[in-house]
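Asks: Now for the letters of each chain:
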Amino acid sequence: MIALPGGRRRWRFHVCALMLLVPIGFAPGYFQRLDLEGGAVGLGEREIGVLRLGRWKARLAELDLGPPVIEGAAGPIKTFTLALEGAAIDEVRAAYAKIGEPRSIRSAGALFAGAPYRQMAGVAAPETATGDSELWLTFEGWDGSIEQTSLPLADASPSTVAWLAGRRRR
Amino acid sequence: MTRAPIVGLVAALTGTTPALADYPFCLCRKQADAIVCRAGFSDGETAEGAALEVVADDGTTLSRMRFGADSTLSFKPPTGGYYVLFDAGPGLSLEIDPRDIR
Numbered sequence: 776m777i778a779l780p781g782g783r784r785r786w787r788f789h790v791c792a793l794m795l796l797v798p799i800g801f802a803p804g805y806f807q808r809l810d811l812e813g814g815a816v817g818l819g820e821r822e823i824g825v826l827r828l829g830r831w832k833a834r835l836a837e838l839d840l841g842p843p844v845i846e847g848a849a850g851p852i853k854t855f856t857l858a859l860e861g862a863a864i865d866e867v868r869a870a871y872a873k874i875g876e877p878r879s880i881r882s883a884g885a886l887f888a889g890a891p892y893r894q895m896a897g898v899a900a901p902e903t904a905t906g907d908s909e910l911w912l913t914f915e916g917w918d919g920s921i922e923q924t925s926l927p928l929a930d931a932s933p934s935t936v937a938w939l940a941g942r943r944r945r
Numbered sequence: 119m120t121r122a123p124i125v126g127l128v129a130a131l132t133g134t135t136p137a138l139a140d141y142p143f144c145l146c147r148k149q150a151d152a153i154v155c156r157a158g159f160s161d162g163e164t165a166e167g168a169a170l171e172v173v174a175d176d177g178t179t180l181s182r183m184r185f186g187a188d189s190t191l192s193f194k195p196p197t198g199g200y201y202v203l204f205d206a207g208p209g210l211s212l213e214i215d216p217r218d219i220r
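Top to bottom, those sequences are chains R and Z. Take the first sequence: its letter number 39 is residue 814 in this note's numbering, and every next letter is one higher. Take the second sequence: its letter number 90 is residue 208 in this note's numbering, and every next letter is one higher.
Calculated from the structure, these hints are not laboratory results. Don't take every hint at face value.
Claimed, not checked - Each pair of labels, with its calculated beta carbon distance range:
#, chain 1, residue 1, chain 2, residue 2, range
1, Z, L210, R, E866, 21 to 31 Å
2, R, G941, Z, R220, 21 to 31 Å
3, R, R785, Z, G162, 23 to 33 Å
4, Z, D175, R, R942, 27 to 37 Å
5, R, S920, Z, D140, 24 to 34 Å
6, R, T903, Z, G167, 49 to 59 Å
7, R, P927, Z, P216, 24 to 34 Å
8, R, A937, Z, G162, 29 to 39 Å
9, Z, T190, R, F788, 23 to 33 Å
10, Z, Q149, R, V825, 46 to 56 Å
Unchecked claim - As a list, the in silico SDA-like pairs of lysine to any residue whose alpha-carbon atoms are at most 25 Å apart:
#, chain 1, residue 1, chain 2, residue 2
11, Z, K148, R, A849
12, Z, K148, R, G875
13, Z, K194, R, G847
14, Z, K194, R, K832
15, R, K832, Z, P208
16, Z, K194, R, P877
17, Z, K148, R, R878
18, Z, K194, R, R878
19, Z, K148, R, K832
20, Z, K148, R, P877
21, Z, K148, R, G847
22, Z, K194, R, E902
23, Z, K148, R, T903
24, R, K832, Z, A174
25, Z, K194, R, R881
26, Z, K148, R, P901
27, Z, K194, Z, A174
Backbone N, C-alpha and C define an ideal beta-carbon position, used for all residues, glycine too.
Model the full assembly from the supplied sequences, consistent with the hints where possible.
Replies: So this is what it looks like as structure tokens:
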């Protein structure tokens, strides 16, 4: 048996020193997440493409490639990022996203928050969502005009569709 | 004195604050001949003061109520087609389809 300097209690010091090294293992992921949320590595981990809503256009991306994150009683939430382009930067007052067609502007879904060049929204994946669901985007202009478009959820977030398929099997 | 490094380490590892967001939820279920809804936010905030509307399929508001301190409400469902709208402000609203109310 190797005798540690400092006597029998010395092992505690070594365990503490070892524990201090544990966070280093998580550091790369932590800084990668910071870069992702701060926009240093682009709009998101996966760019979905340029969407046209009437006279406006915007780029949409998945913030990360992972499945939706369970947010307590609010259920699974998938985060998308949006960058308004051209005239939309000045003309769009609010952008919303929702899985499933909204019945009215009042239920247009999650509101994108942030600067026009990079906004973020956590979109709820409802119980009824399936792989055939659509992601609906609603833009509200400062002049009160509303423009909408939709795209298949499979195109918007393949990881969410895969997660929904797994949920239905369970 | 010997416990100080351990306590400090545990605090450092567990004391980080996760990003907080207030995602809304509104859970409705049938109870006898009424529908009971409980609402709130994922960060634990209550829905006190938020509105709940029963809206006809044609968009007409049939009734409008506000959540109290217990974040629950109950109402009699209308006979025709309708949906429930939880409205806590822009971006904080939810539609509840009657088919999802069991």
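Asks: Take the hints in turn and mark each one as holding or not.
Replies: Do the hints match the structure? See the list:
1. L210(Z) with E866(R): 21 to 31 Å: Taking Cβ atoms as reference, L210(Z) and E866(R) lie about 24 Å apart, which means the hint holds.
2. G941(R) with R220(Z): 21 to 31 Å: holds, 23 Å
3. R785(R) with G162(Z): 23 to 33 Å: violated, 45 Å
4. D175(Z) with R942(R): 27 to 37 Å: Distance hint for D175(Z), R942(R) holds at roughly 28 Å.
5. S920(R) with D140(Z): 24 to 34 Å: At roughly 28 Å between Cβ atoms, D140(Z) and S920(R) fall inside 24 to 34 Å, so the hint holds.
6. T903(R) with G167(Z): 49 to 59 Å: violated, 28 Å
7. P927(R) with P216(Z): 24 to 34 Å: holds, 26 Å
8. A937(R) with G162(Z): 29 to 39 Å: Holds: the Cβ-Cβ distance is about 30 Å, inside 29 to 39 Å.
9. T190(Z) with F788(R): 23 to 33 Å: With Cβ atoms ~54 Å apart, the hint is violated.
10. Q149(Z) with V825(R): 46 to 56 Å: holds, 48 Å
11. K148(Z) with A849(R): holds, 20 Å
12. K148(Z) with G875(R): Since the Cα atoms of K148(Z) and G875(R) sit roughly 24 Å apart, the hinted pair holds (cutoff 25 Å).
13. K194(Z) with G847(R): With Cα atoms ~28 Å apart, K194(Z) and G847(R) exceed 25 Å; violated.
14. K194(Z) with K832(R): With a Cα-Cα distance of about 43 Å, the restraint between K194(Z) and K832(R) is violated, given a limit of 25 Å.
15. K832(R) with P208(Z): Answer holds: K832(R) to P208(Z) is near 22 Å, not above 25 Å.
16. K194(Z) with P877(R): holds, 24 Å
17. K148(Z) with R878(R): Between K148(Z) and R878(R) the Cα gap is close to 23 Å, so the pair holds against 25 Å.
18. K194(Z) with R878(R): holds, 22 Å
19. K148(Z) with K832(R): violated, 43 Å
20. K148(Z) with P877(R): Holds, at roughly 24 Å.
21. K148(Z) with G847(R): holds, 22 Å
22. K194(Z) with E902(R): holds, 23 Å
23. K148(Z) with T903(R): holds, 18 Å
24. K832(R) with A174(Z): violated, 33 Å
25. K194(Z) with R881(R): holds, 23 Å
26. K148(Z) with P901(R): Answer holds: K148(Z) to P901(R) is near 19 Å, not above 25 Å.
27. K194(Z) with A174(Z): Holds, at roughly 13 Å.
The structure fails to meet hints 3, 6, 9, 13, 14, 19 and 24 from the earlier list, while all remaining hints are met.
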